[in-house]
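These protein sequence lines map, in sequence, to chains A and B. Position one of the first sequence corresponds to residue 66 (our numbering), numbered consecutively onward. Position one of the second sequence corresponds to residue 66 (our numbering), numbered consecutively onward.
I should point out that these hints are in silico values taken from the structure, not numbers from a laboratory. Heads up, a few of these hints could be off.
Since the list gives no way to pick out one identical chain from another, each pair is judged satisfied if it fits inside one copy or across any two copies.
Said to hold, decoys possible - In the BS3-like style, the derived pairs of lysine-lysine whose C-alpha atoms are separated by at most 25 Å in a straight line are:
id : residue 1 : residue 2
1  : 479       : 346
2  : 635       : 504
3  : 211       : 282
4  : 203       : 282
5  : 318       : 211
6  : 138       : 379
7  : 326       : 211
8  : 485       : 530
9  : 78        : 444
10 : 368       : 203
11 : 584       : 127
12 : 368       : 443
13 : 569       : 635
14 : 334       : 351
Nothing here was measured: the structure is a model prediction, and the numbers come from that model.
The lines below spell out each chain.
Protein chains: 2
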Amino acid sequence: MYRTHNCGSLNIKNQGEQVTLCGWVQKIRNKGFMIWIDLRDQYGITQIVFDKERTSLKLFEKVREINREYVLKIKGTVIKRISKNSEIKTGDIEILAEEFEVLNISQTPPFTLEEKTDGGEELRMKYRYLDIRRSPIKKNLLLRSKVTQIIREFLSENGFIDIETPYLIKSTPEGARDFIVPSRVNSGKFYALPQSPQTFKQLLMIGGIDKYYQIVKCFRDEDLRADRQPEFTQIDCEMSFVTQENVINQFEKLLKTLLFKIKGIRIEKFPRLTYKESIEKYGNDKPDLRFGMELNNLNYLLKGNGFKIFDSNKINLGIFVPQGSSFTRKEIDNLTSWVKAPQIGANGLIWIKFNLDGSIKSSIDKFFNSTQLIKIFKKHNGKKGDLLLIISGDEHSSRIQMSSLRMELASRLKLRDPNKFAPLWITDFPLLEEDKENKCFNSVHHPFTSPKSEQINLLDSDPTKITANAYDLILNGNEIGGGSIRIHDSDLQEKILKLLGFSKKEAISQFGFLIEALKYGAPPHGGIALGLDRLVAILGGQEIIRDFIAFPKNNSGKDIMIDSPSEIDKEQLNDLNISID
Amino acid sequence: MYRTHNCGSLNIKNQGEQVTLCGWVQKIRNKGFMIWIDLRDQYGITQIVFDKERTSLKLFEKVREINREYVLKIKGTVIKRISKNSEIKTGDIEILAEEFEVLNISQTPPFTLEEKTDGGEELRMKYRYLDIRRSPIKKNLLLRSKVTQIIREFLSENGFIDIETPYLIKSTPEGARDFIVPSRVNSGKFYALPQSPQTFKQLLMIGGIDKYYQIVKCFRDEDLRADRQPEFTQIDCEMSFVTQENVINQFEKLLKTLLFKIKGIRIEKFPRLTYKESIEKYGNDKPDLRFGMELNNLNYLLKGNGFKIFDSNKINLGIFVPQGSSFTRKEIDNLTSWVKAPQIGANGLIWIKFNLDGSIKSSIDKFFNSTQLIKIFKKHNGKKGDLLLIISGDEHSSRIQMSSLRMELASRLKLRDPNKFAPLWITDFPLLEEDKENKCFNSVHHPFTSPKSEQINLLDSDPTKITANAYDLILNGNEIGGGSIRIHDSDLQEKILKLLGFSKKEAISQFGFLIEALKYGAPPHGGIALGLDRLVAILGGQEIIRDFIAFPKNNSGKDIMIDSPSEIDKEQLNDLNISID
Chain A
66 MYRTHNCGSL NIKNQGEQVT LCGWVQKIRN KGFMIWIDLR DQYGITQIVF DKERTSLKLF
126 EKVREINREY VLKIKGTVIK RISKNSEIKT GDIEILAEEF EVLNISQTPP FTLEEKTDGG
186 EELRMKYRYL DIRRSPIKKN LLLRSKVTQI IREFLSENGF IDIETPYLIK STPEGARDFI
246 VPSRVNSGKF YALPQSPQTF KQLLMIGGID KYYQIVKCFR DEDLRADRQP EFTQIDCEMS
306 FVTQENVINQ FEKLLKTLLF KIKGIRIEKF PRLTYKESIE KYGNDKPDLR FGMELNNLNY
366 LLKGNGFKIF DSNKINLGIF VPQGSSFTRK EIDNLTSWVK APQIGANGLI WIKFNLDGSI
426 KSSIDKFFNS TQLIKIFKKH NGKKGDLLLI ISGDEHSSRI QMSSLRMELA SRLKLRDPNK
486 FAPLWITDFP LLEEDKENKC FNSVHHPFTS PKSEQINLLD SDPTKITANA YDLILNGNEI
546 GGGSIRIHDS DLQEKILKLL GFSKKEAISQ FGFLIEALKY GAPPHGGIAL GLDRLVAILG
606 GQEIIRDFIA FPKNNSGKDI MIDSPSEIDK EQLNDLNISI D
Chain B
66 MYRTHNCGSL NIKNQGEQVT LCGWVQKIRN KGFMIWIDLR DQYGITQIVF DKERTSLKLF
126 EKVREINREY VLKIKGTVIK RISKNSEIKT GDIEILAEEF EVLNISQTPP FTLEEKTDGG
186 EELRMKYRYL DIRRSPIKKN LLLRSKVTQI IREFLSENGF IDIETPYLIK STPEGARDFI
246 VPSRVNSGKF YALPQSPQTF KQLLMIGGID KYYQIVKCFR DEDLRADRQP EFTQIDCEMS
306 FVTQENVINQ FEKLLKTLLF KIKGIRIEKF PRLTYKESIE KYGNDKPDLR FGMELNNLNY
366 LLKGNGFKIF DSNKINLGIF VPQGSSFTRK EIDNLTSWVK APQIGANGLI WIKFNLDGSI
426 KSSIDKFFNS TQLIKIFKKH NGKKGDLLLI ISGDEHSSRI QMSSLRMELA SRLKLRDPNK
486 FAPLWITDFP LLEEDKENKC FNSVHHPFTS PKSEQINLLD SDPTKITANA YDLILNGNEI
546 GGGSIRIHDS DLQEKILKLL GFSKKEAISQ FGFLIEALKY GAPPHGGIAL GLDRLVAILG
606 GQEIIRDFIA FPKNNSGKDI MIDSPSEIDK EQLNDLNISI D
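All chains should be built: construct the whole structure from the sequences, respecting the hints.
Below you can see the structure in the form of structure tokens.
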């Protein structure tokens, strides 16, 4: 037996007990006549003390040879600590060492293993196992485990059956790229890794499983962007005999449970916005509702006053920045440059300050008088002290620009509070969008999403007008989940695939099994998939998912710790009958 | 809302309630004046009744158009059933239909969806979603979900943290073949799918995680044998600061919990056998202890009596078959042919019957008299009515032959009771076995398994004599788990890799990250991995794992439902810079 207790479990009640602990040397303080060691394990830190008076000379000499990150087994007595440390659970006690054993030595770590480290990103990735010893990363992994445990308990209590779907499936060349896996036994043929278990979960519903869930790895061979991982984890769910309302209610409950159990936060009912409302109010379909600053179409007030910018542009969008009248000229100039930078691409930024003293100052003083401008504030409940920022342009890009500006302002004003949680549902997405290049349509959600039944007749006349039975779950400006009621009618599924540009032959070769399955009594069904990596990161009050994954890949899809991907033996390629071009 | 209840939930307490049910038509009985439908969903079957007296004519006509596997929504009143069906939960009631809607029609299924089906293996695999509707397969999937839930609860309560390790890792050309995944972003390089998360779980221990678990898919590109799957599921666990005894106790508790919660069976303490004992007593290292018939080395009784077969062969192994004296001559001849068949390969089978009347009859009556033969029975507590079967030959193959014969006899005598559970531990495996061809050694377990510390000095002199800190968990003759205490010393790990034939360069290129990690304060650690597919099958009283996997592959590694593996677009291969030879 290695230990009687762990390093986070002892307190004043254990005073006088003889204990054995194992752990890593976090810190050593040597005052000559006394040596303290902070011994660390997953559960906490316990202070060990050696002193010249109470510790044998031999032991005292031996302890001088110890270094940071050595692994020790220490036997001693729990004693009351004189200078207590209220920041740690074991802060009332320390262990007076009587014996110890070095279980393993350690080289000096290449970066400090403290709350804040001096290690750069690359170094920390290469020595990920050392980075995991640091409490911020360790806490993230423990949080992730707790989150999945709560999710599993919830789904299980609600009758969901955990079913594994296959990883070696079939490539479908639409949407993102698949990772493929050459088959040795079936030479010249390939498996593909799943981008999601979508078709399999639908087959389970057709198979009479009532409620399915799985926490499952999915794979997408995309050109990597910052904070995207080629493998990611999905909480995948599907239910039979349900309406959109049933699915939304079920998973609203799940997120409420998580927010309560993890954060102690109770949220009554999640707001809902249609896709159209969200675009109009926030310029995007995943609005951050932790703060206001909605987009206002000010055309009705601004147009027709003879000011060319307002009159000639399709739309004049404004947002009211609370207490923004205190922005300096320099700050406003900086924001103006920010919106004019190529990645945002606005033509400019018009500003109007409604000062606390009731006066007005604006960049359009030459064209509008104070009365006109105050009227705008009054109409929109703008207050003294607010700043109105206006972007003019065409409708589509102005909304996107305004959405970016809104988020940027929120960051600068520290309104994106990581301890605040603002979930909502977006519904009524369009089913299809036109693909002019290929003269067909693309699914906004995916090819198995059902149209609103009362709009099915539009499939022949005006497909882009159709609304889908699709819904997204948004949390703090991130899409953390999306789902839909699926098509359960074989003919309708074939029709949609045709609109998506699949020839009959292609449709059969890729989705023949699903079209066939729909002919054998498919029940009405629908579901949702939540992104676990992002969800955990947000619950952890952060936005970088990499820090919530035990062994993530870097932005080039590489695991630099194990050096993967890597070259492969010629022999192995020969066995597979493939070669590198 | 589709339904008020499911098809397994109504009973006599609901009498008089108006309910709405959804489900599939399992059966229709039409007596002209009355029509009954068995409506089925995941939860059960409820009988629906239509009759000419109480049902509207229009409805009665409409119901005649319904066929098997149609999906219906039915509204009606719960009434007491006249002829009760005690075999189903809802057998006391039926629903007098008032309205119904066909939610989906169904073609006639290609095989009957009953407890016993007329569908062949191939057909059932092609229409797996229909096979899942059958109660035996559905029950298996529900059992699997329940088993994983119990395992997760247990491990979580015992402090194990659920951590996901990566699926896109690095190929290591030893042991079984890896499946590889070409990287598009890193052209000419490949990921590999994990055969197990072994090195990652060790890195987690080095990272200070105290107890890890994961239920995870693993992949092996082996030449397929019956009932092997290229992807399989492992319950993967690792613990820090543990001895072999700690790991064994922890997972003995887990299996006890499972056997109790799933089967209501309490088992006190699992027996343990060393590898050597197991080979001697049962001829293999995964003995089925549901029955006796141990192997006995009868050399000391049989040799030196002038009978050439016994004298000239290295070993004479006997098993006593309880009540075997009733075997007919034909049965014994059949067994003799069976052991002489090439796949067993014994030279012959010698038999001695100790009849119930105390007389002796044997195939060696010419060489031994009754007194001599009865002595053998007496010495080994053989009873009147028993049959002694003897195989003579060299030690290694005779034990294997005898082990096969023992299992065959158990099958014929119906001693392999699927409702009986006999777990045990096998310990003290050899660490290494000689690989004469490559002039090196192979790991019996895997390269990270630690030798018994007191035998480390044998590494230089006699490596095959070393015993490993390795252990297997056996259930009903199947290895359901295996594990070991790992090497936590970097130098020792390098030394073992050298014995396994790795050059310094190879070792660094493949396991460099682990050897390096061991230098930064690796704690003593060990763990185990259990095969979930097999475990669930045994708990389900069966041996074919395919029936416990939602979407299994066939014996050629194919998923014939989705037609995978399949050919791939040229364009996709071009993107990956690979081509088919």
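These are the hints, each one checked on the structure:
no., hint, result
1, 479 x 346, "within (21 Å within a copy, 73 Å between copies)"
2, 635 x 504, "between (44 Å within a copy, 23 Å between copies)"
3, 211 x 282, "both (18 Å within a copy, 21 Å between copies)"
4, 203 x 282, "both (21 Å within a copy, 24 Å between copies)"
5, 318 x 211, "both (17 Å within a copy, 23 Å between copies)"
6, 138 x 379, "neither (73 Å within a copy, 51 Å between copies)"
7, 326 x 211, "both (10 Å within a copy, 24 Å between copies)"
8, 485 x 530, "neither (36 Å within a copy, 63 Å between copies)"
9, 78 x 444, "neither (66 Å within a copy, 61 Å between copies)"
10, 368 x 203, "neither (56 Å within a copy, 66 Å between copies)"
11, 584 x 127, "between (77 Å within a copy, 21 Å between copies)"
12, 368 x 443, "within (17 Å within a copy, 113 Å between copies)"
13, 569 x 635, "between (40 Å within a copy, 20 Å between copies)"
14, 334 x 351, "within (18 Å within a copy, 56 Å between copies)"
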